[in-house]
Amino acid sequence: QTRRDILRMVHKVNSGHPGGSLGCTEFFVALYHEIMDIRPDFDMDGPGEDLFFLSNGHISPVFYSILARKGYFPVEELGTFRLIDSRLQGHPTTHEGLPGVRVASGSLGQGMSVAIGAALAKKLNGDNHLIYSLHGDGELQEGQNWEAIMYAAGNKVDNLIATIDRNGQQIDGPTKEVLPLGDLTEKFKAFGWDVLEIADGNSLTEVIAGLQEAKKRSGKGKPVCVIMATVMGHGVDFMMHTHAWHGKAPNDEQLATALAQNPETLGDY
Amino acid sequence: MTKYIDQGKKDTRSGYGAGMTELGRTHPQVVALCADLVGSLKIQDFINENPDRFFQVGIAEANMMGIAAGLTIGGKIPFASTFANFATGRVYDQIRQSIAYSDKNVKICASHAGITLGEDGATHQILEDIGLMKMLPGMTVINPCDYNQTKAATLAIADHHGPVYLRFGRPKVANFTPAEQPFEIGKALLLHEGTDVTIVATGHLVWQALLAAENLENQGISAEVINIHTIKPLDEEALLKSVKKTGAVVSAEEHNYLGGLGESVARTLAQHHPAPQEFVATQDTFGESGTPDQLMDKYGLNNKAIEKAVFKVLERK
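If you read the sequences in order, they're chains X and S.
Note that our numbering has the first sequence beginning at 30, numbered continuously upward.
Note that our numbering has the second sequence beginning at 4, numbered continuously upward.
Chain X on its own, in the form it takes in the complex (with noise of 0.2 Å):
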């Protein structure tokens, strides 16, 4: 249901980013179903539960389909994407009051510093709930990541696990032709990180799995990262395997073959 929510937002508008959002489906499914514990009530300073911050904010539409779905908001909303008046922008902002979201993102690579700050706020509060983040491969290529990946661990900020959504695209083509990023794991033990990956990020037992595991590995000293394998595009075999719907919406032909694919579950908004 979510994977038909986000294609039919951005093909309403015929704009946004379903590719990267369709590769992060079963992630945020299993995060905000299984994995955190969260208050139905938001509540922006979020005592007492886990928070979340999505900081490769070009994914908006899955993020906004899971926080309506779990009831922050109503589902009809989502029908506004990326309109005039809209409390669903482009990419997620706090600015219009859109209940679920704790910070703007979009500007690539400042979400971990923010999760960070959270996280030590938490700790200063006494509070032992967990932060979690979603950062895109493609964006670390943005230095201010690794201020923070350096200090994280450096402070051992150890109620934090970021996630990379490793799935090996950006906007221009694939990240090893881009700019490569190496060997990620190896990358983030040397600046002190435990790592951890999942294998196959579009299965929602392995993705669940691992973020458990991870949860498991928190507290210990050492901030937790989830390196998380995805297919771009996952669920419509024509949107598989290719960075052309980065940023890129179907026509109604391309939606047609796209929802036929993804059945209604919890009815279309």
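In case anyone wonders, no lab produced these hints; they're calculated from the structure.
There may be inaccurate statements among the hints.
Covered, in the sense of this in silico footprint (three residues per stretch, anywhere, with C-beta under 8 Å from a C-beta of chain S), are these stretches of chain X [as the list claims (entries may be wrong)]: (1) 120 to 129; (2) 146 to 153; (3) 168 to 178; (4) 226 to 234.
Just a few of them, taken from the derived set where beta-carbon distance is under 7 Å, the chain S residues facing chain X [what the hints assert, rightly or not]: (5) A63; (6) N66; (7) G69; (8) G73; (9) I76; (10) G77; (11) K79; (12) D96; (13) Q97; (14) Q100; (15) Y104; (16) S292.
Computed from a prediction, not measured in an experiment: that's the story for all the values here.
The beta-carbon is built from N, C-alpha and C at its ideal position, and this holds for glycine as well.
Using the hints provided, position chain S relative to the given structure of chain X.
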């Protein structure tokens, strides 16, 4: 004229440090961050008294701004401090997205603003920071004039919800405002009444404006001096009231004339009460190495420059 007495030269950054020490005792939610410049920012006392509420981020200002934004989620009031150059231009997008656009209650506290940090030269002298910060929607911009006012401003911004840019400096300058004067954000202070010309000054230039006014009075010119410590929101009412009386204005600031206090003043006058204005500010240039006094003199940022500007503007009345 009203006499303002220099109670002894002090640096405005020490006023920040003293304010932080006090906030450490009175405001449990206040936390401090610094990017490897603790000594320069004078916050060692805060750190000694509240080691758990201080975050040393190293030479990584972008990360510092993001962490500060995150700390607000959890109710903290972060004071992120470093040199003005590294607190603004270097991290503009982090401030724009993670702090200003996200409406985070972060206080960006910047020392060594302007040209008077002196010998380090132009790489460290930022003369564009007021412009950068005042352009951000929702950002409050404050440039206090002396030690006492910087301390008072530091205390005041802790109780103001929303992002603030607090700008202060390195050199020891006259400390002349009353020690216990409360700081009201956005409320200009009329320091000296006059009838011929209005001098609106901010930061280190306020004392220079008072010196200029005294000298002008000896020459038969009655200058009104206003301390505009808050550049945004600008106290337009105080400005217009004065200019309606005097009919001419000189703005004075340690900043580029593009984007600074002078431009905000000119915009206000253009909209509500056009009047001749002269700008005491740097003229779209970078700074250079030198002593603070030499630089203020060379770049036309002292009492002499203000007097010259007053004569010029009076001719245009």
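Legend entry - Minimum beta-carbon distance criterion (7 Å), A63/S to chain X: holds (4 Å)
Legend entry - Interface hint for G69/S, Cβ within 7 Å of any Cβ on chain X: Holds. Min distance 2 Å.
Legend entry - Residues of the segment 168 to 178 of chain X with Cβ under 8 Å from chain S, three needed, outcome: holds (count 4)
Inset, instruction - Tell me if S292/S is really an interface residue toward chain X, meaning its C-beta lies closer than 7 Å to one of theirs. - result: violated (29 Å)
Inset, instruction - Given that the segment 146 to 153 of chain X was listed as covered by chain S, double-check it with a C-beta distance under 8 Å for 3 or more residues. - result: With 7 residues close enough to chain S, the hint holds.
Inset, instruction - Answer holds if the nearest beta-carbon of chain X is closer than 7 Å to that of D96/S; otherwise answer violated. - result: holds (5 Å)
Legend entry - Assertion that chain S covers the segment 120 to 129 of chain X - criterion: three or more residues, beta-carbon distance below 8 Å: holds (count 3)
Legend entry - Hint validity - N66/S Cβ closer than 7 Å to any chain X Cβ: Nearest chain X Cβ about 4 Å off; hint holds.
Inset, instruction - With a cut-off of 7 Å on the beta carbons, see whether G73/S makes it to chain X. - result: holds (2 Å)
Legend entry - Restraint check, 7 Å cut-off on beta carbons, for Q100/S near chain X: holds (5 Å)
Legend entry - Hint validity - I76/S Cβ closer than 7 Å to any chain X Cβ: holds (5 Å)
Inset, instruction - With a cut-off of 7 Å on the beta carbons, see whether G77/S makes it to chain X. - result: Because about 3 Å separates G77/S from the closest Cβ in chain X, which is inside the 7 Å limit, the hint holds.
Checked against the numbered hints listed earlier, the structure breaks hints 4 and 16; every other hint is satisfied.
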